[in-house]
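Colleague: Given the sequences, and given the hints that come with them, work out the whole structure.
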Amino acid sequence: MTAQITGRTGFAQTTQHSIALAGRGVTKFMKSPMQLVDVVLTPIISLLMFVYLFGDAMSGGDTDGYLQLVAPGVMVMAVFQASIGVGASLSTDASTGIFDRFRSMPIARSSPLIGAVLADIVRYVVCLGALAVLALVMGYRVQTGPVATLAALALLIGFALSFSWISVYLGMLIKNPASVHGLMTILILPLTFASNVFIPRDGMAGWLRAWSDVNPVSLVAESVRGLLNGGPVAGSLLATLAWMAGVIAVFFPLAMHAYRKSAA
4 MTAQITGRTG FAQTTQHSIA LAGRGVTKFM KSPMQLVDVV LTPIISLLMF VYLFGDAMSG
64 GDTDGYLQLV APGVMVMAVF QASIGVGASL STDASTGIFD RFRSMPIARS SPLIGAVLAD
124 IVRYVVCLGA LAVLALVMGY RVQTGPVATL AALALLIGFA LSFSWISVYL GMLIKNPASV
184 HGLMTILILP LTFASNVFIP RDGMAGWLRA WSDVNPVSLV AESVRGLLNG GPVAGSLLAT
244 LAWMAGVIAV FFPLAMHAYR KSAA
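Residue numbering for the sequence shown follows this note's numbering, beginning at 4 and increasing consecutively.
Treat the hints loosely; a few may be bogus.
Here are the computed distance ranges between Cβ atoms for each label pair [what the hints assert, rightly or not]:
1. G63 <-> T147: 24 to 32 Å
2. G142 <-> R104: 45 to 53 Å
3. T152 <-> Q16: 28 to 36 Å
4. G238 <-> V40: 32 to 40 Å
5. L51 <-> T95: 26 to 34 Å
Calculated cross-link-like contacts (lysine-lysine; reagent style DSS-like; alpha-carbon spacing at most 27 Å) [as the list claims (entries may be wrong)]:
6. K178 <-> K31
7. K264 <-> K178
8. K178 <-> K34
Quick caveat, the hints were computed from the structure, so don't treat them as lab data.
Just so you know, even glycine gets a beta-carbon here, dropped at the ideal spot from N, CA and C.
Modeller: Shown next, in the form of structure tokens:
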């Protein structure tokens with residue numbers, strides 16, 4: 004009980020506890036796969052809509068070329084939207100009293116939150132898998148090799164895991180799943196549509212181009228395009244990693260503070 008009372012555990016113990024609780028989250032997904040429907044249908048509808056409804060207008064008739072541009076961008080949008088789920092789920096858990104039970108156990112204080120974030124990897128993998136299959140059927144082709152492809156997938160999942168801490172913080176702070184979902188949507192939509200996900204940087208107005216150059220969604224989309232389609236990666240990748248580290252550095256402590264405060 005010492006670990007629970009002091010709230011201090013070693014890195015190895017924290018990792019072990021977090022993985023164990025991540026397994027709990029994965030089991031919930033397996034028992035209720037309908038929880039994954041939204042992360043599959045939303046990106047599929049988005050890709051179909053932007054390619055077949057808007058593709059001609061946005062590409063000047065080059066639908067195949069537009070597919071090569073937009074498919075990696077929609078992957079970024081999809082995992083970003085999927086990151087909402089963890090905050091809403093934790094908000095629901097907070098209302099059931101499960102966290103009171105966790106606090107009574109000799110586990111690392113951070114492990115319930117870290118475990119929930121890690122469990123969401125299942126959502127991201129399912130989302131990206133469904134989207135990749137559809138993109139290939141539609142004619143998208145990876146122009147690089149398997150190593151770069153795996154790196155792109157790892158970057159997408161890492162981006163979602165990092166930014167999911169914003170959702171976790173809101174879930175601990177608000178404890179209302181609908182409000183968490185709404186606030187995260189308010190954050191995600193402007194970042195996504197004011198980015199290069201759907202249109203190339205050169206087609207933007209000057210002020211929007213300036214914002215897109217520092218927008219984390221644009222940066223990770225540019226990195227993923229470079230890894231999948233070929234092209235420069237280093238600059239956008241370093242900026243993406245800086246954004247990911249910054250978000251974790253800010254929102255992980257905030258989420259933990261809100262979690263501890265909820266016990267008071």
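Colleague: Look at each hint and say if it fits the structure.
Modeller: Verification of the hints:
At roughly 26 Å, the beta carbons of G63 and T147 sit within the given window of 24 to 32 Å. The hinted window of 45 to 53 Å between G142 and R104 holds, with their beta carbons roughly 50 Å apart. About 35 Å separates the C-beta atoms of T152 and Q16, a value consistent with the hinted range of 28 to 36 Å. The hinted range of 32 to 40 Å is satisfied by G238 and V40, whose Cβ atoms lie roughly 37 Å apart.
Remark: the range hint 26 to 34 Å for L51 to T95 is upheld by a beta-carbon distance near 31 Å. With a CA separation close to 20 Å, the supplied pair K178 and K31 stays within the 27 Å bound. Our distance criterion of 27 Å between C-alpha atoms is met by K264 and K178, whose separation comes to about 12 Å. In summary, the hint linking K178 to K34 is supported, as the alpha carbons are separated by about 24 Å, within the 27 Å threshold.
When each numbered hint is compared with the structure, no violation occurs for any of them.
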